[in-house]
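Novice: Listed below are the residues making up each chain.
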Amino acid sequence: MELLDNLILGFTTASTLWNLLFCLIGVLLGTLIGVLPGIGATATIAMLLPITFQIGDPVSALIMLAGVYYGAQYGGSTTAILINMPGESSSAVTAIDGYQMARSGRAGAALATAAIGSFFAGTVSTFLIALFAIPLTVVALKFGAAEFVSLMVVGLVSSVALAHGSVVKAMGMVVLGLLLGLVGTDVISGAPRFNLGIREYADGLNFVAVAVGVFGIAEMLRNLENEHDRSVLIRKVHGLLPTREDFRRMAAPILRGTALGSVLGILPGAGAILGSFASYTVEKRLSNHPEEFGKGAIEGVAGPESANNAGAQTSFIPMLTLGIPTNPVMALMAGAMIIQGIVPGPNVATEQPSLFWGIIASMWIGNLLLIVLNLPLIGLWVKLLTVPYYILFPIIMAFCSIGVYSVNSNVYDLYVVAFFGIFGYALMKMRCEPAPLLLGFVLGPLLEENLRRAMILSKGDPMTFITRPISATLLVLAAAVLVIVFLPAVKKKRAEVFVEESA
Amino acid sequence: MKSIRIDSTNGLCGAFFIACGLFFAYQSWILDMGTALRMGPGYFPLLLAAVLVLLGIVVLIQATRVQGEPIGPLAWRGMLLILPAPIFFGLTVRGLGFVPAIFIAAFTASFASVRMKPLPALILSAAVTLFAYFVFSKGLNLPFRPFGPWLGF
Chain A
678 MELLDNLILG
688 FTTASTLWNL
698 LFCLIGVLLG
708 TLIGVLPGIG
718 ATATIAMLLP
728 ITFQIGDPVS
738 ALIMLAGVYY
748 GAQYGGSTTA
758 ILINMPGESS
768 SAVTAIDGYQ
778 MARSGRAGAA
788 LATAAIGSFF
798 AGTVSTFLIA
808 LFAIPLTVVA
818 LKFGAAEFVS
828 LMVVGLVSSV
838 ALAHGSVVKA
848 MGMVVLGLLL
858 GLVGTDVISG
868 APRFNLGIRE
878 YADGLNFVAV
888 AVGVFGIAEM
898 LRNLENEHDR
908 SVLIRKVHGL
918 LPTREDFRRM
928 AAPILRGTAL
938 GSVLGILPGA
948 GAILGSFASY
958 TVEKRLSNHP
968 EEFGKGAIEG
978 VAGPESANNA
988 GAQTSFIPML
998 TLGIPTNPVM
1008 ALMAGAMIIQ
1018 GIVPGPNVAT
1028 EQPSLFWGII
1038 ASMWIGNLLL
1048 IVLNLPLIGL
1058 WVKLLTVPYY
1068 ILFPIIMAFC
1078 SIGVYSVNSN
1088 VYDLYVVAFF
1098 GIFGYALMKM
1108 RCEPAPLLLG
1118 FVLGPLLEEN
1128 LRRAMILSKG
1138 DPMTFITRPI
1148 SATLLVLAAA
1158 VLVIVFLPAV
1168 KKKRAEVFVE
1178 ESA
Chain B
435 MKSIRIDSTN
445 GLCGAFFIAC
455 GLFFAYQSWI
465 LDMGTALRMG
475 PGYFPLLLAA
485 VLVLLGIVVL
495 IQATRVQGEP
505 IGPLAWRGML
515 LILPAPIFFG
525 LTVRGLGFVP
535 AIFIAAFTAS
545 FASVRMKPLP
555 ALILSAAVTL
565 FAYFVFSKGL
575 NLPFRPFGPW
585 LGF
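First to last, the protein sequences are chains A and B. Using the numbering used here, the first residue of the first sequence is number 678, and each one after it goes up by one. Using the numbering used here, the first residue of the second sequence is number 435, and each one after it goes up by one.
Derived by calculation from the structure, the hints in this document are not laboratory data. Hints may contain errors.
30 angstroms max Cα-Cα, derived DSS-like pairs, lysine-lysine [unchecked claim]:
{"hint": "1", "chain 1": "B", "residue 1": "K551", "chain 2": "A", "residue 2": "K1060"}
{"hint": "2", "chain 1": "A", "residue 1": "K1106", "chain 2": "B", "residue 2": "K551"}
{"hint": "3", "chain 1": "A", "residue 1": "K1136", "chain 2": "A", "residue 2": "K819"}
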């Protein structure tokens, strides 16, 4: 059976001692930084991205990066539960009931529930990826330039729909990101563009430098705005194992959360965020004792955490098969692949099967490592929460500097870091989400190239996007998403959801 | 006549979009435009820049209608001490070598927080430098010079 052969190939690739080591390092580093409050998964990955480039083998590098991703996500839920400070919006839901459980002395059970739910969801979604990867790749290989343009439009529009706050601002962010992505040299004519005459930017702005600036530095600056003490509630976590009653109560939410998260994760732009919200709402509605929600209901941790992890994993599907990153984290992964010399897209599965399946298998291994490591290491993570924040600034700055420099040995990349640090901070102050910007930045050159190619193929007729059926369907989808966002009822609901989230 | 009140956050944001749009529009204008059939390097960016200006105008109009949240406190000290760290590193990594460059970058960034005292900052920066030296130079074998020509090496 083909699927089985593929999975075996994947597991043999991922379980070499070398790759296991990188997976382990990635998971550990990811958790380590993810646990630090105020630093979300995206910022964590942006900061650790340069390190992975030093690994010569792209398979190991991407395995490590994927490990960082799960680690960061897990670390984020730990902070959410223990100090009610979610680093990423996807763990904001976990904080609601998780923190309440911790306050009533059940932090251990909450953490274990999160870990078990994540592991189960991770296992299921790994198989889903393996199952859907090949058929989707086959479809994607039929895609022409016009279809790719339409697909990217869907991705960008969805990222707008799911950004916080103003839709118009999010659209501005996408457009600005696309423009910034075009800085460098025009691929077709070779003409230099927007580089202000600086030869060092001929290859475009370094993706890692932009990401570190917009996410890493900007986030640090925001943390510096008011330095107040964090109250760490729990100094020691005991009673890790949930009771039998807990297990009985968490089983169904985990199953439902996994299903919801997996489906919603595939949607462009959705990532893990939508799944965890949907799951929380569903659990609250189905529960026999909805009054417990918000006061430490274990279902409120189990469901969203499973959905969160399932979505995080299935969001790899569009990136791996179509080459279209659907959220900022996937944009970072795609950027990492490009720097390693691999163009993300349907060809990866056929041309580099060991890389493709190796990454998929490593997802499961990463999840396994997380559950094995984190339950015993929880004491260490709790200690880490008490580390004063200010000692992190020099450490992060030193590693960001050397890390970004090590990618291309181009000192101009460091100026990009500083510039985009303040740029990202300014965006934050103007209540603009940086996520659509980064997505636009990665897709900018791809979108332009395919648009120009599609126009040449159609002899200059823009109707090509509407007359080709797949392309037309995708554009209708994009239009539908836009219309829905602007519907008054949805607009109101959307505002409510995001208010709840930031509360 | 009622005077127009502009929400500061959105007003700035609109102006920022328009400024960015105009910058890219001007830069694209110089480039070859081409035709819709064979787009030149300036075609797509000019289109995007126009959209950005338009979005900026929309945000600006919204700013006169709704009062949003204020901008809030700014991390001046952070900006002043965090941002120069990578720039300084970039300026000196070739000349001084990466050991002094990292040390100074870390040391500057230390004072971004009001809580950092000089002695712990010194120790911390030294530790970070040492660690970075072993990881990047010894461990990963990057071809960086630990000490550069400005120091007589």
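Novice: Run the distance test for K1106(A) versus K551(B): straight-line Cα separation, threshold 30 angstroms.
Specialist: Holds, because 29 angstroms separates the two Cα atoms, which is no more than 30 angstroms.
Novice: Checking one constraint from the list: CA of K551(B) to CA of K1060(A), max 30 angstroms. Satisfied?
Specialist: 22 angstroms, holds
Novice: Straight-line Cα separation of K1136(A) and K819(A) no greater than 30 angstroms?
Specialist: Distance of about 20 angstroms is within 30 angstroms: holds.
Checked against the numbered hints given earlier, the structure satisfies every one of them.
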